[in-house]
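Enquirer: Starting from the two chains in their separate frames, assemble the complex, guided by the hints.
So the chains spell out like this:
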Amino acid sequence: VSVLRPKDDTRPWTGGYQPYDLVKEACIAIGVIAMLAVILTVLFSSPDDKPSTIAQWSKQLPVNFVTAAADELNGTSGTAEYGPPYNHNGEGQHAAFIYLQKWLGVSHPINTADDYVIDPLKTIPNDAALQSALAEYQAAPENTQKAWSEAYAKPLNEYAEAEEAEKPLPKTVSLDPATDTVSVQASGAGPVPTMMASLLSLAKSGGLDGSLLTSRQFFQTDYTKPLLFMADGGLLDKRAEAQHLGGDEWGMMNETGSYPGQAWLWLYALWYQIEPFKSSENADILVMLMMGVLSLAFIAIPFIPGVRDLPRWIPIHKLIWREHYAAAAPPAGPRPARAMPDAGS
Amino acid sequence: MSDAPESSWTVKVREKAVEALPPEKLLPDGQPTYVASWIYVFGVASIASLFVIIASGSILALKGPAWWHYTGVGHFFNSIHMWAVELFFFVMVVHLWGKYWMAAWRGGRARVWVTGAITFLVAVPTALTGYVSQQNFDAQWISTQAKDGLNSVGVGAFFNVTNFGQMYSYHVLLLPIAVVVLVSAHVLLVRRHGVVPPIELNARLATVPAGETPAPVPSSAGAGS
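Chains as they are written, first to last, in the working numbering: chain V, 2 to 346; chain R, 726 to 950.
These aren't lab readings, by the way, just hints derived from the structure by calculation. Check the hints yourself; a few may be wrong.
What the hints assert, rightly or not - Derived pair list, reagent style SDA-like, types lysine to any residue, alpha-carbon separation capped at 20 Å:
no.	chain 1	residue 1	chain 2	residue 2
1	V	Lys51	R	Gln860
2	V	Lys123	V	Lys103
3	V	Lys60	V	Gly207
4	R	Lys750	V	Glu26
5	R	Lys750	V	Arg12
6	V	Lys319	R	Asp754
7	V	Lys51	R	Gly789
8	V	Lys51	V	Lys239
9	V	Lys319	R	Gly823
10	R	Lys750	V	Trp14
11	V	Lys103	R	Phe884
12	V	Lys51	R	Trp792
13	V	Lys51	R	Asn861
14	R	Lys750	R	Arg739
15	V	Lys103	R	Phe883
Okay, chain R solo, but in the shape it has when bound (with noise of 0.2 Å):
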């Protein structure tokens, strides 16, 4: 390490990022005992899925626009990376309801909810875009429904169903890098603030005489965010 000056900008980034996140938060490697339940799959099964996507339209991308719709390789990777996208939709959204009902924006941990709330409304066009983009009957169909509910608010002056370079250029570029940035965004709140405690655990906690703490839970069930 050289001496770097306190002024220096890269020392107090790196200074306040350790102190966020220290590496024992970022990648810790127990979980309180309340953290037994498949609910908890959910979170990391989105992610799961996200990479997936991902790996699948890189693919895709490699190849071009219309190599799927003439190889059967190319159409076996397009399915993938459909499916792929169902379930991301699917897990998340069990994932957003679990964590609705376990009201996990407490503790100071309403953004870890925003950032999460958001990334599914960015996930939506991401969607379309890549519907809007299959150069098939589907996006010839969908593009030109759609954009009546965006030109009726004025969002269709800058953003055009109909124009297959910008929104291929939306779907494999500008919106999964928000997707990625909101996802990292919330999992990093996720492990600055850890995973929220059960609702009321003062009022039980209090039933048991101080100095003493509940019996641990067997650690049988997976653990995400």
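The shape of chain V in the complex, shown without the other chains (with noise of 0.2 Å):
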């Protein structure tokens, strides 16, 4: 217990007294910064990007959107194989024998193939073909609808990885400059192609974007589902790279333009740049398991013998205290009498 017991080399002060305003301390404090945040508003004002959407996205990168969907759709997309708290296709990350994502369940369900792609195909009206493609997509067994979605995801899947890699892009996959549609080149598909198509005029028209938002209830506040499908695409990746805000290059502690963000999670980034975090399946669990355990440390460091000890042994103390140092240190010469006043408060 002695351990633990930080030394105490203190008494009660018996010197002298200063005077000191606390009151008005505190308010001339408050005005300081006060007076420098407004400063600081006036240079550099603060960042306000617009959001994107899912119309912008499918507007702008058609091919992405569509390739989105197929995965969404056939069930390969990162929040269709997330696991807790969106589904239970995946056991999501542990540490060792630490499953708390799993352990905390599904507290938000999504089912990517009927909440991205089936659900808002049937808000769509008057659409003869639309309605059969769907009536047999829904009619078929699950192992069909596997085949006809794979199938139609395959080409799309090796246009992106020729994208990424940047390679001659597949014949399989085109864009029509007039239509602006995606046309894929994918046999055994079924009713998909007519399913995307359908989904591609629905975002683009926005009709995706208040269909996602849509539940029990009128007033919406909860934008998972948009957010998590827009995530599994390329929009926001491409936006966050064109800012430097990709998770190589600290993430998400930083802002849209040179602003300072949030530096304070410094640390907490820090761990994401370097090995074995860094190419870890389960880099997120360990690094917080790592700053959960760094923040106890940082609580406890009254009772942590040896972090608690460094003040004394580094001695910035003596610069901070100088010139009570100085003033307590014995004269070389003879002492001179001086008498201290009572204490005050």
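Expert: Written out as structure tokens, the structure is:
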């Protein structure tokens, strides 16, 4: 117990006191900080880049949109395979025997095929071809649905891989500039091409943005579904990379423009830049656990031998209290007799 | 004053409070002479920054979360809010480093350090919920990036950074209350225990003949917590 008890070399102060106006000091501090904030505001303002919408995404990157939607339909997107808290299609991350993500369960259920493709398509009226395609898809056995959606997604994913590797793009996927539609040469895709053409059209009209927000009530504040769908696509990434906001560039501690962002997250972001965290499939939980341990240590500094003793060994305190130490040091010559006034408060 | 019985809870609470923090300790008009360094300014600067954050945030809250996107005045107050947050973290980090090198937990002041450290840690999600409540591209990007870390430890099950309504509630009410309560406890503890004396004060005082005390330091520097 004595090891954990911080060394106490203090005793009640019997020395001098100086006048101190706490309230005045606080008022001056508020004035100075407010003035600094105003000066920084006038000089630098603050960032406010408009949010992206699914309509923008589908118009600017139609092939990318259709690829992401196809992955949502066949259950291979990031969200589809995420696991808790969105679905049971994965266990989530773990560290040794700790499966916190799995243990806390599915709290925001997302069925990517239904939520991002099937249900929005059901809202489109007066489209006989789409209704027929939807009916055919929903009536088919699950393995047939899977085969159709995979057949459709395959050339799209090959296109995306070639695009990322900056290789020649396969001709199985093409964009018609006149109609702004995406053509996918996929045999055995059943009704999926018809469904995807309608979904792209719905997205361009802005209908999908609204469709993903509607649920059981009129007022909406939960953007989980549209945000996760967009995160599965490429528009957010593209904008983030242009602003140097990628995870390999210290990620979310930055913000758009040349603003300081959340600089206080530097230690959290640091672990993602180095091994073994950088390439680990469980990087998030490992970093969070590491930060949890470090945070507890930070709180408990007064009780950690060594860490709590550093201030004695590295005498920065001599700089901080230099006036006091200079005054307290015994004079070289005969000491002048100086009486201290009585202690005040 | 009424003749309240000794068993009165109110009387007991008042007596305990006054015993722990008599008015002259709560609002002192003097500080020990060793409180003479610019490092002391950063404690009160942290509180001042928090004040500006709450004031500017209150104006933004009064007008609603969308106001600052389409009015110049709104954007001005959003910028004040953002820069006050940046200043808050900057001065708080300097304050924490200063207190670390002063070993300011000595003399029964461990709770002062602990409340300060927890305040810093609670301030981080308070700021994060602000960033993801901005309703702009930063909010989209930061929320979709931050969700993975939180989900990985199960926090995402009840703290969903992609749910604007939930994050806004946390940002304008729950977490600010936590920060203010922690800062209040921190300041009251500082006032109760006083500003930590210099390291090795006893050893140095031992060099001064008994009955004498060190010469006073000129009262030049500001003082704070």
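Enquirer: Hint by hint, note whether the structure agrees.
Expert: Structure-based check of each hint:
Straight-line distance between C-alpha atoms of V/Lys51 and R/Gln860 comes to about 8 Å, which keeps the hinted pair within the 20 Å bound. Of the supplied pair hints, the one linking V/Lys123 and V/Lys103 is violated, its CA atoms being roughly 32 Å apart against a limit of 20 Å. Restraint check for V/Lys60 and V/Gly207: the C-alpha separation of about 10 Å stays at or below 20 Å, so the hint holds. Restraint check: the Cα-Cα separation between R/Lys750 and V/Glu26 comes to about 16 Å, which is no more than 20 Å; the hinted pair holds.
With a C-alpha separation of about 17 Å, the suggested pairing of R/Lys750 with V/Arg12 holds against the 20 Å cut-off. Simply put, V/Lys319 and R/Asp754 have alpha-carbon atoms about 26 Å apart, too far for the 20 Å limit, and the pair is violated. Annotation: proposed proximity of V/Lys51 to R/Gly789 holds, straight-line Cα distance about 17 Å (limit 20 Å). At roughly 14 Å between alpha-carbon atoms, V/Lys51 and V/Lys239 fall within 20 Å of each other, so this suggested pair holds.
Taken as a hint, the V/Lys319 and R/Gly823 pair is honoured in the structure, with Cα atoms around 12 Å apart against an allowance of 20 Å. Distance check on the hinted pair: R/Lys750 and V/Trp14 sit about 14 Å apart at the alpha-carbon level, within 20 Å; holds. Simply put, V/Lys103 and R/Phe884 have alpha-carbon atoms about 15 Å apart, close enough for the 20 Å limit, and the pair holds. Pair hint V/Lys51 plus R/Trp792 holds up; C-alpha atoms about 14 Å apart against a cutoff of 20 Å.
For the proposed pair V/Lys51 and R/Asn861, the alpha carbon gap of about 5 Å is at most 20 Å, so the pair holds. For the hint pairing R/Lys750 with R/Arg739, the CA-to-CA distance comes to about 15 Å; that is within 20 Å, so the pair holds. For the given pair, V/Lys103 sits about 14 Å from R/Phe883 by alpha-carbon distance, which is consistent with the 20 Å threshold.
Taken one by one, the earlier hints fail for this structure at numbers 2, 6, listed in ascending order.
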